[in-house]
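Sequence lines, in order, name chains A and H.
Going by the numbering used here, the final residue of the first sequence carries number 1095, and the count climbs one at a time with no gaps.
Going by the numbering used here, the final residue of the second sequence carries number 1095, and the count climbs one at a time with no gaps.
Source of the hints: derived by calculation from the structure; they are not laboratory data.
Glycine included, C-beta positions come from ideal geometry on N, C-alpha and C.
Among these hints, one or two may not hold up.
Stated by the list, open to error - Below, a list of computed lysine to any residue pairs in the SDA-like style, where the Cα atoms sit at most 20 Å apart:
#	chain 1	residue 1	chain 2	residue 2
1	H	K908	A	N901
2	H	K796	H	Y811
3	A	K878	H	D862
4	H	K800	A	F935
5	A	K796	A	E837
6	A	K929	H	G877
7	H	K908	A	T804
8	A	K1066	A	I934
9	H	K800	A	D922
10	A	K796	H	S911
11	H	K914	A	T804
12	H	K929	A	G877
13	H	K792	A	E837
As the list claims (entries may be wrong) - Sample of chain H residues with no beta-carbon within 12 Å of chain A, all distances over it, derived:
#	residue
14	D772
15	E837
16	K908
17	D922
18	T964
19	P1022
20	R1024
21	M1046
To be verified - A few chain A positions that, by computed beta-carbon distances, are all more than 12 Å from chain H:
#	residue
22	G1032
23	L1050
24	L1091
2 protein chains.
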Amino acid sequence: MNDFWKEFPIIQQQLNETCELIKHQVKIRNKEIETALIELTYSGGKLLRPAFFFLFAQIGDEQKQEHEQLIKIAASIEILHMATLVHDDIIDDSPLRRGTTTIQARYGKDIAVYTGDLLFTEFFELLADTMNGSDFLHKNASAMKRLLLGELDQMHTRYKKDMTIFDYLRSVNGKTAELFSLSCLEGAHFGGASTEVQRLATRIGRHIGIAFQVYDDILDYTADVKTLKKPVLEDLAQGVYTLPLILAMQKAPARFSTYLEKGADITDAQATETAKMVHELDGVNDAKAFAKRVTQKALTDIEKLPDCLGKEQLTLLTELLLQRSY
Amino acid sequence: MNDFWKEFPIIQQQLNETCELIKHQVKIRNKEIETALIELTYSGGKLLRPAFFFLFAQIGDEQKQEHEQLIKIAASIEILHMATLVHDDIIDDSPLRRGTTTIQARYGKDIAVYTGDLLFTEFFELLADTMNGSDFLHKNASAMKRLLLGELDQMHTRYKKDMTIFDYLRSVNGKTAELFSLSCLEGAHFGGASTEVQRLATRIGRHIGIAFQVYDDILDYTADVKTLKKPVLEDLAQGVYTLPLILAMQKAPARFSTYLEKGADITDAQATETAKMVHELDGVNDAKAFAKRVTQKALTDIEKLPDCLGKEQLTLLTELLLQRSY
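Start from the sequences and build out the full structure, keeping to the hints where you can.
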């Protein structure tokens, strides 16, 4: 946890409790993995998904809520997210995550495989605790599957020279938007909000997730290592062709083909040159415009929610998060 | 599936249906992974866990059973087993499994990570389908966790020169016996057997699992590549010190220390020499005697089950499986 939440004291308190529960949940007899997991929990992730969950819970009916249940569901969401991060870092061979060494880089791929698996079981245990007998068990299983299929889509389209917006959005919808959407829906549902609010929450979460991912992908082309806390142009070098590149490529496919044909053999200089072309052809600006339109859809839906502090804070967070410029 | 089940026509039919369901369940848009999973399903694994599940279901009350539910639960058990196999092969760097190339060897570790994850989600989906609202959701989450902790224990004690029987049994209890035990219990429970039969099933499954693993570990010291369908002395070379070695070491620790001190650097010749000492010091025979005692415990408990075809077949299978000499 970091100081991102200082303007949101209620959420900050709830996220602290969520982290405490995660820390408790990952206690196992293998101390190496336990330490790695506690470090990951506290390594400065924003806990956005649990935060959106709690904001939507605020919009619901306090009388219908069980505090402990909400904390457990929030933890289940973050734990599922952590599991996918740990396994993604294996695929990406990532040295850094959230500014610290990844589990696969520090302890090796073997430990990373089991660490991710262990997180899946913790996720599963929390669901068995909180939603046994509810439809949401199925919704979670489906979300987990779509999330994973989104990751597989991304892996499958690596170094795809004619990557389309459709390919990109299909992957983003699964790997990112699915869990944001589920977080918002679960917040509304377990917070006791109406069916209409739950319907809106699902859509708002999806749009926030897509916009969030697009901004995140833009960072690969705009940030420096220090702010991003991971290598810049990492996606490009790894063959993950994201929206800025796709939008720029559509304007001048031929200019990119010589570089992209190199696939994994692209040099740092060629990657830098490619990124330069992405900027020249307005790929970054167009991607920002795209993200802004999607954010606007979310904000329009948020506007339809019943007036309350939760709604105000949700608006504030969405604007803060999706109009960042770092 | 192979012809192992030809003496058990009812079970064979149920296992065929289970495989069909698994095949249906793993249909995804990523054809590469789908193919890998279908191959794994049909690559000649004996489907022992679902088989024990069905045998215990036979002991129950047919009036209380739902055929489709039983097939789904059997599939969930095998799918969880497959998930752990796929991830274990990453850790072990195994080239072969069930006589065919492992997923990690054929498609790389990256695909293997996601393939295992996908199997975890299929497992989870099947549970959401069949036991939502039941205590068994929790039991499955716990079993999955203990299974994984068993794997972690094994990884943690690799190349441990003073490996004890306690270390060994703790790992085996988790990584193997847990799922055998759950399979038998679920068969008894969802087959409509009494509480007493369920209690016996849990214990029988645990003993069968332990004996099965001990025999499996013995094979590493006795089989040739052709029958074993995977490299011989693989465990030893990988630092997985199993019961035959542990029992032999207890008799003459000094004789082993020079070889085991080499850890991962042990040569093929040294591994062969170590195996020879294991035989000389009766490690294999003592391990067999141990497995036989554990098998006997299972058979004694099976004897207490109500008389029926299921009980006869269970006795036959246990004897057939745990007195194999290949």
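Here is what the structure says about each hint:
1. Between H/K908 and A/N901 the CA atoms are separated by roughly 12 Å; this keeps the pair inside 20 Å, and the hint holds.
2. Of the pairs offered as hints, the one joining H/K796 and H/Y811 holds, with about 14 Å between alpha carbons and a cut-off of 20 Å not exceeded.
3. With a C-alpha separation of about 11 Å, the suggested pairing of A/K878 with H/D862 holds against the 20 Å cut-off.
4. Between the alpha carbons of H/K800 and A/F935 the distance comes to roughly 19 Å, so the proposed pair stays at or under 20 Å and holds.
5. As the CA atoms of A/K796 and A/E837 are separated by approximately 19 Å, the hinted pair is consistent with the 20 Å bound.
6. Restraint check: the Cα-Cα separation between A/K929 and H/G877 comes to about 19 Å, which is no more than 20 Å; the hinted pair holds.
7. For the given pair, H/K908 sits about 26 Å from A/T804 by alpha-carbon distance, which is inconsistent with the 20 Å threshold.
8. Of the pairs offered as hints, the one joining A/K1066 and A/I934 holds, with about 19 Å between alpha carbons and a cut-off of 20 Å not exceeded.
9. Taking the CA atoms of H/K800 and A/D922, the gap is about 11 Å. The hint holds against a cut of 20 Å.
10. Our distance criterion of 20 Å between C-alpha atoms is met by A/K796 and H/S911, whose separation comes to about 14 Å.
11. Straight-line distance between C-alpha atoms of H/K914 and A/T804 comes to about 18 Å, which keeps the hinted pair within the 20 Å bound.
12. With a C-alpha separation of about 19 Å, the suggested pair H/K929 and A/G877 falls inside the 20 Å cut-off, and the hint holds.
13. At most 20 Å may separate the alpha-carbon atoms for a hinted pair to count; H/K792 and A/E837 exceed this at roughly 39 Å.
14. No beta-carbon of chain A comes within 12 Å of the beta-carbon of H/D772; the shortest separation is about 33 Å.
15. Every CB of chain A lies more than 12 Å from the CB of H/E837, the least distance being 17 Å, so the non-interface label holds.
16. With a closest Cβ-Cβ approach of about 9 Å to chain A, H/K908 is found to fall inside the 12 Å limit, against its non-interface label.
17. Non-interface call for H/D922 relative to chain A: violated, since the shortest CB-CB distance, roughly 7 Å, does not exceed 12 Å.
18. For H/T964, the shortest C-beta to C-beta distance to chain A comes to about 21 Å, beyond the 12 Å cut-off, and the non-interface label holds.
19. The Cβ of H/P1022 lies farther than 12 Å from every Cβ of chain A, with a closest approach of about 26 Å, so its non-interface assignment holds.
20. The beta carbon of H/R1024 is kept farther than 12 Å from every beta carbon of chain A, the shortest such distance being approximately 30 Å.
21. Against chain A, the non-interface label of H/M1046 holds: every CB pair exceeds 12 Å, the least being about 29 Å.
22. Distance check on A/G1032: its Cβ is at least 15 Å (rounded) from any Cβ of chain H, clearing the 12 Å threshold; non-interface status holds.
23. Distance check for A/L1050 against chain H: the nearest CB is about 31 Å away, which clears 12 Å, and the non-interface claim stands.
24. Against the 12 Å criterion, A/L1091 stays outside the reach of chain H, whose nearest CB is about 29 Å from its own CB.
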